[in-house]
Amino acid sequence: GGSDANAGKFPYLASLRSGGPYGDTFCGGALIAPQYVLTAGHCFEGDLNDMYVSFGMLHSSGKGSNKAEHIRVSEIFRHPNFNLTWLYYDVAVLKLETPSRFNS
Numbered sequence: 068g069g070s071d072a073n074a075g076k077f078p079y080l081a082s083l084r085s086g087g088p089y090g091d092t093f094c095g096g097a098l099i100a101p102q103y104v105l106t107a108g109h110c111f112e113g114d115l116n117d118m119y120v121s122f123g124m125l126h127s128s129g130k131g132s133n134k135a136e137h138i139r140v141s142e143i144f145r146h147p148n149f150n151l152t153w154l155y156y157d158v159a160v161l162k163l164e165t166p167s168r169f170n171s
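Read in order, the letters of the sequence shown correspond to residues 68 to 171 in the numbering used here.
Just so you know, the hints here were simulated from the structure itself, not pulled from any lab data. Please note that the accuracy of each hint is not assured.
Label-pair restraints from in silico Cβ distances [stated by the list, open to error]:
#1 Gly95 to Leu151: 31 to 41 Å
#2 Thr152 to Tyr89: 30 to 40 Å
#3 Asp71 to Leu151: 26 to 36 Å
#4 Ala74 to Pro101: 15 to 25 Å
Think of the CB as a built atom: it goes at the ideal place given N, C-alpha and C, for glycine as much as any other residue.
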């Protein structure tokens with residue numbers, strides 16, 4: 068359902084990727100401050116190795132989007148009461164290595 072959005076209409080939407088800036092998308096999120104992304108706590112089981120957040124993409128592959136931005140994740144803050152079994156407090160905030168230019 069739904070309809071296609073025009074390019075650049077929702078620049079704050081984030082694609083969370085593992086395996087580098089063009090790796091597989093495993094979750095989504097939203098930019099809530101220039102250097103922070105809000106997402107779901109259940110998205111994170113492993114470490115930060117090669118975890119990136121991408122903004123401004125026109126295609127899920129991230130390729131061919133010359134205005135896209137890919138920033139490495141430096142920290143994950145999951146809610147202290149997060150419960151994976153019941154998905155209680157299923158929220159996390161990601162700190163990016165550098166601020167996003169899609170911050171307005």
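Taking the hints in turn, this is what the structure says about them:
1. Gly95 to Leu151: 31 to 41 Å: 19 Å, violated
2. Thr152 to Tyr89: 30 to 40 Å: 33 Å, holds
3. Asp71 to Leu151: 26 to 36 Å: 35 Å, holds
4. Ala74 to Pro101: 15 to 25 Å: 21 Å, holds
Violation of the numbered hints given earlier is confined to hint 1; every other hint is satisfied by the structure.
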